[in-house]
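J.: Quick note on numbering: the sequence shown equals residues 68 to 262 in my numbering.
Rather than coming from a laboratory, the hints here were simulated on the basis of the structure.
Among the clues, some could well be false.
Stated by the list, open to error - The list that follows gives simulated cross-link-like pairs (lysine to any residue, SDA-like), each with its CA atoms no further than 25 Å apart: (1) K258 <-> S193; (2) K73 <-> P105; (3) K73 <-> Y150; (4) K124 <-> K106; (5) K258 <-> M205; (6) K226 <-> K244; (7) K115 <-> E76; (8) K73 <-> K106; (9) K226 <-> G245; (10) K106 <-> N128; (11) K141 <-> M205; (12) K126 <-> C203.
Unchecked claim - Have a look at the derived ranges for each label pair, beta carbon to beta carbon: (13) N198 <-> I231: 58 to 64 Å; (14) E76 <-> R125: 53 to 59 Å; (15) K135 <-> F236: 46 to 52 Å; (16) N198 <-> E145: 35 to 41 Å; (17) R91 <-> M68: 35 to 41 Å; (18) L200 <-> R91: 44 to 50 Å; (19) K148 <-> K106: 29 to 35 Å; (20) N198 <-> Y223: 29 to 35 Å.
All values reported here derive from a predicted model rather than from experimental measurement.
For every residue, glycine included, the Cβ atom is placed at its ideal position computed from N, Cα and C.
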Amino acid sequence: MYDYYKILEIPRDASIEEIKRAYRNKAKVVHPDINNSPKANEVFVVVKEAYETLIDKRKRNLHDVQLKMTDAVKAEAERKKQYYGSSKKNDSYTNFNYYETNLRYDHKNSFTKSNFKSDEFYYRLSPVIYNMLFICGMFLGFIIVIVTVVGTFNDYWPKPFILISVLGFILIRQGWKGIVGKRTIVDSIKKKFGI
Numbered sequence: 068m069y070d071y072y073k074i075l076e077i078p079r080d081a082s083i084e085e086i087k088r089a090y091r092n093k094a095k096v097v098h099p100d101i102n103n104s105p106k107a108n109e110v111f112v113v114v115k116e117a118y119e120t121l122i123d124k125r126k127r128n129l130h131d132v133q134l135k136m137t138d139a140v141k142a143e144a145e146r147k148k149q150y151y152g153s154s155k156k157n158d159s160y161t162n163f164n165y166y167e168t169n170l171r172y173d174h175k176n177s178f179t180k181s182n183f184k185s186d187e188f189y190y191r192l193s194p195v196i197y198n199m200l201f202i203c204g205m206f207l208g209f210i211i212v213i214v215t216v217v218g219t220f221n222d223y224w225p226k227p228f229i230l231i232s233v234l235g236f237i238l239i240r241q242g243w244k245g246i247v248g249k250r251t252i253v254d255s256i257k258k259k260f261g262i
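Turn these sequences into a full structure, and let the hints steer you where they fit.
T.: What follows is the structure, encoded as structure tokens:
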């Protein structure tokens with residue numbers, strides 16, 4: 068993400084007139100008709116994009132929000148770096164590109180976080196808590212199945228109510244898959260007993 072204020076070399080509280088003046092001055096220098104550099108076209112596109120963003124009030128507000136977020140991320144990374152020290156091996160807090168690629172602006176005018184952490188990351192973080200979540204889900208699934216089946220066969224509620232037990236079976240299945248991975252029950256038993 069570019070800081071359009073730095074590209075146009077203006078302060079963040081610049082007026083519309085200052086933005087227009089800065090754009091005209093930059094365009095005189097980087098326009099492909101004037102500048103013979105092979106990158107002149109790309110630079111001019113960025114300068115034009117900066118101008119179009121800052122001149123439009125809504126786009127400018129969104130850009131300001133993005134800048135504040137990136138400034139906050141950088142400040143937090145710097146604070147953590149000073150407190151914990153820096154590590155060349157895992158420096159994701161100070162690696163701005165990590166946040167830049169994971170924080171994007173989508174077409175619905177909202178910020179979305181992509182590339183969520185994988186299950187393996189959370190499993191390594193705390194395997195006991197990770198597995199307990201799946202066990203709780205399985206337990207809830209068993210309760211749903213037992214209550215719906217017993218209640219339906221004892222005529223506490225109508226027969227179609229038993230369809231709710233499907234939700235319980237889904238919870239049990241997903242809990243089992245979360246604990247043992249993609250293996251089936253038979254595969255996990257075979258592996259446990261070395262068959």
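J.: Has the hinted range 35 to 41 Å been met by the Cβ atoms of R91 and M68?
T.: violated, 24 Å
J.: Next pair to validate is K126 with C203; report whether the Cα-Cα distance is within 25 Å.
T.: violated, 46 Å
J.: Measure nothing beyond the straight line between the CA atoms of K226 and G245; if it is 25 Å or shorter, mark the hint as holding.
T.: Given pair K226, G245 is violated - Cα atoms ~31 Å apart, limit 25 Å.
J.: State, for the Cβ atoms of N198 and Y223, whether the hinted interval 29 to 35 Å holds or is violated.
T.: Given about 34 Å between the Cβ atoms, the range holds.
J.: Is K258 close enough to M205, meaning Cα to Cα at most 25 Å?
T.: Holds - the C-alpha atoms of M205 and K258 are around 21 Å apart, at most 25 Å.
J.: So if I understand the rule, the pair passes when the alpha-carbon distance is 25 Å or less; does K141 with M205 pass?
T.: violated, 41 Å
J.: If you check the beta carbons of E76 and R125, does the distance land in 53 to 59 Å?
T.: About 23 Å separates the Cβ atoms of E76 and R125, which means 53 to 59 Å is violated.
J.: Does the Cβ pair L200, R91 satisfy 44 to 50 Å?
T.: At roughly 58 Å between Cβ atoms, R91 and L200 fall outside 44 to 50 Å, so the hint is violated.
J.: Against the 25 Å threshold, does the CA-CA distance of K115 and E76 hold or violate the hint?
T.: Holds, at about 13 Å.
J.: Do K135 and F236 keep their Cβ atoms within the hinted range of 46 to 52 Å?
T.: holds, 47 Å
J.: For a C-alpha distance cap of 25 Å, please report whether K106 and N128 respect it.
T.: violated, 29 Å
J.: Does the Cβ pair K148, K106 satisfy 29 to 35 Å?
T.: holds, 33 Å
In this structure, the hints that do not hold are numbers 3, 4, 6, 9, 10, 11, 12, 13, 14, 17, 18, in rising order.
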